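Quick mapping for you: the protein sequence lines, in order, are chains A and B. Mapping of the first sequence onto my numbering: residues 1 to 269, in sequence order. Mapping of the second sequence onto my numbering: residues 1 to 269, in sequence order.
Any given hint could turn out to be false.
The list makes no distinction among identical chains, and a pair is therefore deemed to hold if it is satisfied within one copy or across any two copies.
As the list claims (entries may be wrong) - Distance condition first, Cα-Cα at most 27 Å in a straight line; then the derived DSS-like pairs of lysine-lysine:
| id | residue 1 | residue 2 |
| --- | --- | --- |
| 1 | K232 | K53 |
| 2 | K202 | K229 |
| 3 | K76 | K202 |
| 4 | K202 | K148 |
| 5 | K229 | K148 |
| 6 | K232 | K97 |
Calculated from the structure, these hints are not laboratory results. Quick caveat, the model's predicted, so the values are computed rather than measured.
There are 2 protein chains.
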Amino acid sequence: MAGQAFVTLATNNNYAKGAMVLGKSLRNHKTSRKLVALIGPRVAETSRAVLRKIYDEVQLVDVLDSGDMAHLAMMKRPDLGVTFTKLHCWTLTHYSKCVFMDADTMVVSNIDELFAREELSAAPDPGWPDCFNSGVFVFQPSYETYRKLLTACMEQGSFDGGDQGVLNSFFSDWATADISRHLPFIYNLSSIAIYTYLPAFKQYGHNAKVVHFLGKLKPWDYVYDATSKSVKGQTSGMQPNYLLQWWDVFSSSVVPLMKEEYSEQPFYR
Amino acid sequence: MAGQAFVTLATNNNYAKGAMVLGKSLRNHKTSRKLVALIGPRVAETSRAVLRKIYDEVQLVDVLDSGDMAHLAMMKRPDLGVTFTKLHCWTLTHYSKCVFMDADTMVVSNIDELFAREELSAAPDPGWPDCFNSGVFVFQPSYETYRKLLTACMEQGSFDGGDQGVLNSFFSDWATADISRHLPFIYNLSSIAIYTYLPAFKQYGHNAKVVHFLGKLKPWDYVYDATSKSVKGQTSGMQPNYLLQWWDVFSSSVVPLMKEEYSEQPFYR
Ligand SMILES: O=c1ccn([C@@H]2O[C@H](COP(=O)(O)OP(=O)(O)O)[C@@H](O)[C@H]2O)c(=O)[nH]1
Ligand SMILES: O=c1ccn([C@@H]2O[C@H](COP(=O)(O)OP(=O)(O)O)[C@@H](O)[C@H]2O)c(=O)[nH]1
Ligand SMILES: [Mn+2]
Ligand SMILES: [Mn+2]
Numbered sequence: 001m002a003g004q005a006f007v008t009l010a011t012n013n014n015y016a017k018g019a020m021v022l023g024k025s026l027r028n029h030k031t032s033r034k035l036v037a038l039i040g041p042r043v044a045e046t047s048r049a050v051l052r053k054i055y056d057e058v059q060l061v062d063v064l065d066s067g068d069m070a071h072l073a074m075m076k077r078p079d080l081g082v083t084f085t086k087l088h089c090w091t092l093t094h095y096s097k098c099v100f101m102d103a104d105t106m107v108v109s110n111i112d113e114l115f116a117r118e119e120l121s122a123a124p125d126p127g128w129p130d131c132f133n134s135g136v137f138v139f140q141p142s143y144e145t146y147r148k149l150l151t152a153c154m155e156q157g158s159f160d161g162g163d164q165g166v167l168n169s170f171f172s173d174w175a176t177a178d179i180s181r182h183l184p185f186i187y188n189l190s191s192i193a194i195y196t197y198l199p200a201f202k203q204y205g206h207n208a209k210v211v212h213f214l215g216k217l218k219p220w221d222y223v224y225d226a227t228s229k230s231v232k233g234q235t236s237g238m239q240p241n242y243l244l245q246w247w248d249v250f251s252s253s254v255v256p257l258m259k260e261e262y263s264e265q266p267f268y269r
Numbered sequence: 001m002a003g004q005a006f007v008t009l010a011t012n013n014n015y016a017k018g019a020m021v022l023g024k025s026l027r028n029h030k031t032s033r034k035l036v037a038l039i040g041p042r043v044a045e046t047s048r049a050v051l052r053k054i055y056d057e058v059q060l061v062d063v064l065d066s067g068d069m070a071h072l073a074m075m076k077r078p079d080l081g082v083t084f085t086k087l088h089c090w091t092l093t094h095y096s097k098c099v100f101m102d103a104d105t106m107v108v109s110n111i112d113e114l115f116a117r118e119e120l121s122a123a124p125d126p127g128w129p130d131c132f133n134s135g136v137f138v139f140q141p142s143y144e145t146y147r148k149l150l151t152a153c154m155e156q157g158s159f160d161g162g163d164q165g166v167l168n169s170f171f172s173d174w175a176t177a178d179i180s181r182h183l184p185f186i187y188n189l190s191s192i193a194i195y196t197y198l199p200a201f202k203q204y205g206h207n208a209k210v211v212h213f214l215g216k217l218k219p220w221d222y223v224y225d226a227t228s229k230s231v232k233g234q235t236s237g238m239q240p241n242y243l244l245q246w247w248d249v250f251s252s253s254v255v256p257l258m259k260e261e262y263s264e265q266p267f268y269r
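Excised from the complex, chain A in its bound form (with noise of 0.2 Å):
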């Protein structure tokens, strides 16, 4: 399945270990797709030289700098940045179909099947459930989908300031026209779920594929310690812990990665 692959995105050093983390999942669970980070400028070579490790492509997505038609929408609407940048993701034509999943999510088991699904194909959002959830997503790249997105980025801007917003004004029938658009929700389960409706989760949850860190605070954000395999300050002993199984893959995988890269583990506290 060459022409297949896994894609996420990293601005930024911290979104990059999520990147790290997402990419050894998917490798521990033994993917046979392609994976690609698509990086920004401010992502520190040290960091790209571990995601080259664990990445089959790591490509840099610079929309400042480049004179294309993302540069121009930027210019107009400066404040949509990131989101401009995650669109990029449509750029990769040398891939037939692709599945993009935010850096701040972790496989907890072999997803290949996602790729039997058409673009746009992704779970819904708890909170508004008639609008998808974009950390996870089939797509198919195509320049001028891109493109299209980009004008309707520029002129219409993103109702809730992100991409999330953007791509469901743009997929706007996801929630009425086809089922198999529809991705089960564990492919894209969120920690907000577990605690709005903890019953569903202790009935549906052992099934979770793809666990979701959305919100303000991600995995980077805590302070592990390896030695007892807790978080500091974590809350409440939820089972399972997504969080310590993310840490556990960063210590695991990722950490002796950065070690053969650097002696003084400049990421790891």
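Fit chain B with the ligands to the given chain A structure using the hints.
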């Protein structure tokens, strides 16, 4: 459309107030369908009299005193009391199709178009969006379905202790089978969604058709000042203010009926 009805449930005088507002909101928006209220034995005669002025049918549902299968089920699972009562709506076989609505819902628009949908149609639950919310659903009365539901309820219980768990386990292919069974979220708009994803509410909320006061605090738990048209202790001035709309229907459409019935206005504070 004599064969079709909106159905609600109230097991006590408080939920009966909700049923009154719901019924009046349906009438105010000129529904052409029948209105049915299922009530429990604890609903006072005074409340029943008011309900009868709004609803075409007010039917006493008393699982505890009946000698049938519901009684048996109830003995085995006393924890599911209100749930068993709600399932009774399937016994309304003199209608060919019905829309069940929680007593804590209110329509803000005519929704007769819902009768074009088939069993079981419902809107996604914000929180765990692969479950439907059981506050508004289209169903087809049938003794056979009723018996099967009771059996499922008795044997497997409810994963959330209520009717929503039972119904989601029974109609388990809702999330994946047929997009036409997904009611748009605006047919069951709950306040929780407004807070969780405010930009989406600002974008799509003006199309709201049914408001659902899901959660612990119900409209009738607030204290309303009819002179200033304000609710005591109310949180931030969310626009549109559905809570005030509920109280407006209550004071303008329900209170006059209560006054007709009794001089001392027993429910109105
Ligand atoms: O400063 C940023 C913010 C976001 N992102 C990327 O955009 C995605 C969406 O942002 P985020 O996950 O923070 O939003 P949430 O899922 O919490 O709404 C991230 O996962 C990253 O892939 C990024 O690279 N840098
Ligand atoms: O003591 C009760 C509890 C519930 N109900 C009925 O069951 C529905 C579901 O309960 P509720 O709306 O309180 O649950 P929520 O929507 O907040 O989850 C109510 O709207 C009523 O129609 C009732 O009649 N008496
Ligand atoms: Mn995210
Ligand atoms: Mn309710």
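Status of the hints after comparison with the structure:
1. K232 <-> K53: neither (29 Å within a copy, 60 Å between copies)
2. K202 <-> K229: Within one copy only: 24 Å inside a chain, 43 Å across chains, cut-off 27 Å.
3. K76 <-> K202: between (46 Å within a copy, 23 Å between copies)
4. K202 <-> K148: between (41 Å within a copy, 24 Å between copies)
5. K229 <-> K148: neither (47 Å within a copy, 48 Å between copies)
6. K232 <-> K97: neither (40 Å within a copy, 55 Å between copies)
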